[in-house]
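A.B. asks: If you want the building blocks of each chain, they are given just below.
There are 2 protein chains.
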Amino acid sequence: MAIKTPYVAVDGIVQLFDEKDNFQGIVLIERKNPPLGLAIPGGFVDIGETVEDAVKREMKEEISLDVEIVRILGVYSDPKRDPRFHTVSVVFICKAYGMPKASSDAKEVKIFKLEEIPFDKLVFDHEKILKDFINR
Amino acid sequence: MAIKTPYVAVDGIVQLFDEKDNFQGIVLIERKNPPLGLAIPGGFVDIGETVEDAVKREMKEEISLDVEIVRILGVYSDPKRDPRFHTVSVVFICKAYGMPKASSDAKEVKIFKLEEIPFDKLVFDHEKILKDFINR
Chain A
1 MAIKTPYVAV DGIVQLFDEK DNFQGIVLIE RKNPPLGLAI PGGFVDIGET
51 VEDAVKREMK EEISLDVEIV RILGVYSDPK RDPRFHTVSV VFICKAYGMP
101 KASSDAKEVK IFKLEEIPFD KLVFDHEKIL KDFINR
Chain B
1 MAIKTPYVAV DGIVQLFDEK DNFQGIVLIE RKNPPLGLAI PGGFVDIGET
51 VEDAVKREMK EEISLDVEIV RILGVYSDPK RDPRFHTVSV VFICKAYGMP
101 KASSDAKEVK IFKLEEIPFD KLVFDHEKIL KDFINR
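If you're matching them up, the sequences are chains A and B in order.
With full-length UniProt numbering applied, the first sequence closes on residue 136, and no number is skipped along the way.
With full-length UniProt numbering applied, the second sequence closes on residue 136, and no number is skipped along the way.
It should be emphasised that the hints constitute simulated quantities derived from the structure, not laboratory data.
Accuracy of the hints is not assured; some may be wrong.
Treat identical chains as interchangeable: a pair holds within one or across any two.
[What the hints assert, rightly or not] Here are the simulated EDC-like cross-link-like pairs (lysine to aspartate or glutamate), alpha carbons at most 20 Å apart as the crow flies: (1) Lys-32 - Asp-125; (2) Lys-4 - Asp-46; (3) Lys-110 - Asp-18; (4) Lys-80 - Glu-52; (5) Lys-4 - Asp-82; (6) Lys-4 - Glu-61; (7) Lys-128 - Glu-115; (8) Lys-128 - Asp-78; (9) Lys-4 - Glu-108; (10) Lys-4 - Asp-53; (11) Lys-80 - Asp-46; (12) Lys-20 - Glu-49; (13) Lys-60 - Glu-30.
With the hints as extra help, turn the sequences into a complete structure.
C.D. replies: Okay, structure coming up:
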């Protein structure tokens with residue numbers, strides 16, 4: 001049986017809080033690999049791991065934070081959302097404390113207040129995802 | 001770049017209504033192919049289609065109904081949920097009118113009131129999914 005389906009990825013909208021539980025902003029990355037630009041951190045799901053484990057692993061790898069999952073925002077699957085190939089992304093709303101640090105596919109991490117997100121710099125369909133998040 | 005991710009599937013919890021909008025029950029199928037047993041209708045997502053289009057196509061193919069999507073119930077991705085291989089399923093709550101008819105992978109369709117679902121006959125993790133649906 002030859003089954004061909006899109007790739008599965010996860011992305012994490014990480015809401016960063018300080019130790020007094022004050023919202024600091026959300027964490028975005030400057031991508032190191034094409035497509036270059038600003039992005040929600042995320043990556044592919046490995047065979048053998050759950051989507052929840054995948055998003056926690058990717059947040060640890062890319063922005064060096066241990067995140068808590070709040071809930072799923074949505075599943076984004078437009079065949080054209082990734083210019084490279086068809087990728088279905090499960091997008092999680094997460095919560096984290098501490099200071100993010102760039103690694104893996106992230107060249108730099110940036111923290112944005114919701115009203116300061118530079119939507120025109122976002123890659124993939126991340127502008128739509130973040131607007132869905134803000135208007136949820 | 002060799003990317004390997006789990007397969008992506010969709011399943012539809014189809015709430016069936018009569019023409020007066022009275023809830024009739026949810027539609028389950030008796031599977032024609034292994035694993036045999038009772039299941040929520042569903043199938044793999046094709047490359048090039050959205051998960052929303054996939055669940056509408058699968059409901060049409062398996063139970064001959066045009067469904068309306070209500071919302072996503074959840075994403076089920078336990079590596080052991082499918083005994084054949086790792087499949088991530090996006091589960092949609094749907095709504096439909098009319099009479100379901102079995103085709104494709106469905107040997108028979110059955111309509112169950114929520115309190116009459118025979119949970120012990122369900123394959124995959126569909127018992128858990130339907131309990132999550134009932135307790136949502």
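A.B. asks: Next step is simple, just say for each hint if it's right about the structure.
C.D. replies: Results for each hint:
Taking the closest pair of Cα atoms, Lys-32 and Asp-125 come within 20 Å of each other only inside a single copy of the chain (18 Å); across copies the shortest separation is 38 Å, beyond that limit. In this assembly of identical chains, Lys-4 and Asp-46 lie within 20 Å of each other by CA distance both inside one copy and across copies; the values are 16 Å within and 7 Å between. Taking the shortest Cα distances, Lys-110 and Asp-18 sit within 20 Å of each other inside one copy (15 Å), while across copies they are farther apart (52 Å). Taking the shortest alpha-carbon separations for Lys-80 and Glu-52, only the inter-copy value of 15 Å comes in at or below 20 Å, while the best intra-copy value is 24 Å.
Proximity of Lys-4 to Asp-82 under the C-alpha cut-off of 20 Å is found in both arrangements, the shortest distances being 17 Å within a copy and 16 Å between copies. With identical chains, the CA atoms of Lys-4 and Glu-61 are at most 20 Å apart between copies only, with a shortest distance of 18 Å across copies and 28 Å within one. Taking identical chains as interchangeable, the C-alpha atoms of Lys-128 and Glu-115 lie at most 20 Å apart only when both belong to the same chain, with a minimum of 15 Å there against 40 Å between chains. For the homomeric pair Lys-128 and Asp-78, the shortest alpha-carbon distance inside one copy (12 Å) is at most 20 Å, but the shortest distance between copies (28 Å) is not.
Within a single copy, Lys-4 and Glu-108 get their C-alpha atoms no closer than 34 Å, and across copies no closer than 26 Å, so neither meets the 20 Å cut-off. Taking the shortest alpha-carbon separations for Lys-4 and Asp-53, only the inter-copy value of 16 Å comes in at or below 20 Å, while the best intra-copy value is 23 Å. In this homomeric assembly, Lys-80 and Asp-46 come within 20 Å of each other (Cα to Cα) only across copies, at 14 Å, whereas the closest approach inside a single copy is 22 Å. In this assembly of identical chains, the alpha carbons of Lys-20 and Glu-49 never lie at most 20 Å apart, being 33 Å within a copy and 44 Å across copies at closest.
Taking identical chains as interchangeable, the C-alpha atoms of Lys-60 and Glu-30 lie at most 20 Å apart only when both belong to the same chain, with a minimum of 16 Å there against 42 Å between chains.
Checked against the numbered hints listed earlier, the structure breaks hints 9, 12; every other hint is satisfied.
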